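Residue strings, one per chain:
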Amino acid sequence: MSIDVKMIVNGKPVRRSVEPGTLLVHFIRNELGLTGTHVGCDTAQCGACSVSVDGRVIKSCSILAAQVQDCSVLTIEGVAGGEELHLLQTAFLQCHGLQCGYCTPGMIMTALDIIGENSNPSREEIAEGLDGNLCRCTGYHNIVDAIELGARMMRQGGGSV
Amino acid sequence: MYVHDFIYHRAGSVEEAVRLMGEAEEGRYLAGGQTLVQTMKQKLAMSSDVIDLGGIAELRKISAQGDTVQIGSMIRHAEVAQTPLVLERIPGLAGLAAGIGDRQVRNMGTLGGSVANSDPAADYPAAVLGLDAVVVTDSREIEAGDFFVDLYETALEEGELIVAIRFRVPMRSAYYKFRHPASSFAMVGAFVAQFPDGFRVAVTGARPTVFRWQAAEAALQAVASPEAVAQLDTDGIEDILSDMHCDETYRRRLMPVAVRRALDAMNAPDKETD
Ligand SMILES: Cc1cc2nc3c(=O)[nH]c(=O)nc-3n(C[C@H](O)[C@H](O)[C@H](O)COP(=O)(O)OP(=O)(O)OC[C@H]3O[C@@H](n4cnc5c(N)ncnc54)[C@H](O)[C@@H]3O)c2cc1C
Ligand code: FES
Ligand code: FES
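Just so you know, the protein sequences line up as chains A and B, in that order. Going by my numbering, the first residue of the first sequence is number 1, and it counts up by one from there. Going by my numbering, the first residue of the second sequence is number 162, and it counts up by one from there.
Be aware that one or more of the hints could be misleading.
Keeping only pairs whose Cα atoms sit at most 25 Å apart, straight-line, the calculated SDA-like set for lysine to any residue is [unchecked claim]: (1) B:K202 to A:L134; (2) A:K6 to B:G320; (3) B:K222 to B:G320.
So the derived list for chain B, only partly shown, Cβ under 10 Å to chain A, looks like this [said to hold, decoys possible]: (4) D166; (5) V175; (6) L191; (7) V198; (8) G215; (9) A218; (10) R264; (11) M269; (12) S386.
Simulated from the structure, these hints should not be mistaken for lab results. All values derive from a computational prediction rather than experimental measurement. Positions of the beta carbon are idealized from the N, C-alpha and C atoms, including for glycine.
Extracted from the complex, chain B is given alone in its bound form:
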């Protein structure tokens, strides 16, 4: 398959990328290309201009500030999985990144690309919401709770560029997903994080976009044990996805199990969860 013609730009800075986007008739940022190149091949994305972010050094930084860890949008999944700073401060996030896709995808796919794309079954959104993160763009900061809007829809404005994501460092955290055996994406994935002010539980793969499961948070707040979530029902939750691999009833069943297994992994980080 071949990609349609477009004007290729390699931006050297965030300012240049945003300016090029403003000047383009129908521009698109290119991160690792792990979604975009395939969609261009299928002619699902037709752009007049493609602005490659691969040469922008300021998008490739990882730093700790106070009780946060900030990760540049062009950091690859494999780097998040292996960087000592992330492994030490938020092992739950490093573990999540290590489970995305396959080795080749992890070497090319980026944090910013995954979050901007906001696939309903993507893993990172669960960490962004579960770790109370802030999405830092070229023009503002967006709270995770306001960022994920709907199926493939985020709060990003036209041409707005994700510079970095600033994660809050939890006391403990872990992620567990029921991995789709072919695609590796989450059929249901749960990110559980414990902060001094309470638990956060973010679920991906189950609805058009990632969401906080408040009933699970409250249950854990009352008794922080796996049994506390095992019995949770999902009755009040609407719009559960249903497809040939995993229908709605099954997805509802998987939700408390994913949370329980994430909690098990959080309690015993070195043990494999079943």
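The following block holds chain A by itself, in its conformation from the complex:
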């Protein structure tokens, strides 16, 4: 029996009729066609599916779409301002914070949560904050660099999400 699920995604109200067992990540990717949110492990380990729900980062493979009824969801597609990259994305580019890029959307969503909580996080705080995000390529060093730089740019440049 389908259920009606509605939420705000990247500022736009959306509404779909889906099976009750539909995961949030499948809702985002298959129903809305927003494929920037990735599925890495499908078991709550890797964080590639991280999105923000009402301002808090969560793993979208681990909850049902129905659980975020009427909530406001931000995915990687909503982070940039149109064609203009978000300062944090620019920082990832500058620091070579990605190789294959599979983990990157989740890294950015989690990094925004870390910076939202503390605009000037230490390297240790960044590393700790990324506990739920795995990267198979970079060795994390450049990712931490990128988040450090991105946080600094956001403090100076007022890039806000």
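Guided by the hints, dock chain B with the ligands onto chain A, whose structure is given.
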């Protein structure tokens, strides 16, 4: 992976949730989904009806009454870690919540879900038992000492719903866990609390369910120093868990060390323990 089909309900009140559960063929409450959704994906939990507790406002309250702090079952780990009332009155509990899983899990996982699930390696059960808490359900109040029964088994009856947990405010308390490097769960975790009437020491991760380590409590009662517990042996304690990450001998060794480090953290809350 996909989840099997079921009837989804979003309850608006505790009464409605309990009624829906009573009417369901095989119902299950859904809190944050941090355990349940994965088990549904693996087809380990098959339910005819899923009753989402996410819309019930009365499960989302934190309040202080006398020498207790009561936390609603749908309060997320990140909220326990950051709510000023908890940080002021029971910093040991806020610290424990801040160390559960990762950032995303803490934003979604709930106190009630963790305690109802009663994973042998979960952190919260150590605080529930160590802080002499009472589990408040839709129909009764259960003392922590009677709540945790066995591996993934609690005193909850079929369909019984945890409304809140009422923690006793200690003079001081702290938690230390040997964190499993991959899962973050406790290989061994110790919650130490000091009350006017004595110490309580609850250990998680070491046996099928959390337990009070009476010998450690007695040792601390005699001399409240880290040295008092460092030498404790675990000989009388049975059913110590053993797995590929941490065998029985190693777990036994970790127990007094976890208690000592919790005590160190209690004595110097701002210092990082090694
Ligand atoms: C990657 C990862 C890492 C984790 N690391 C840790 C860790 O380090 N330490 C730790 O302690 N935990 C850890 N957890 C578990 C986490 O803390 C969750 O709290 C726990 O999984 C329960 O999830 P939930 O609250 O979303 O409940 P759900 O998954 O929604 O529910 C769990 C069970 O409890 C029942 N239930 C839920 N609420 C109630 C209620 N109010 N009354 C009665 N029954 C109820 C449900 O029916 C279900 O059977 C981790 C989880 C993940 C995915
Ligand atoms: S796909 Fe969700 S955590 Fe890996
Ligand atoms: S850049 Fe390839 S997984 Fe992180």
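Do the hints match the structure? See the list:
no. : hint             : result
1   : B:K202 to A:L134 : holds (21 Å)
2   : A:K6 to B:G320   : violated (29 Å)
3   : B:K222 to B:G320 : holds (22 Å)
4   : D166             : holds (6 Å)
5   : V175             : violated (18 Å)
6   : L191             : holds (7 Å)
7   : V198             : holds (5 Å)
8   : G215             : holds (6 Å)
9   : A218             : violated (14 Å)
10  : R264             : holds (6 Å)
11  : M269             : holds (5 Å)
12  : S386             : violated (30 Å)
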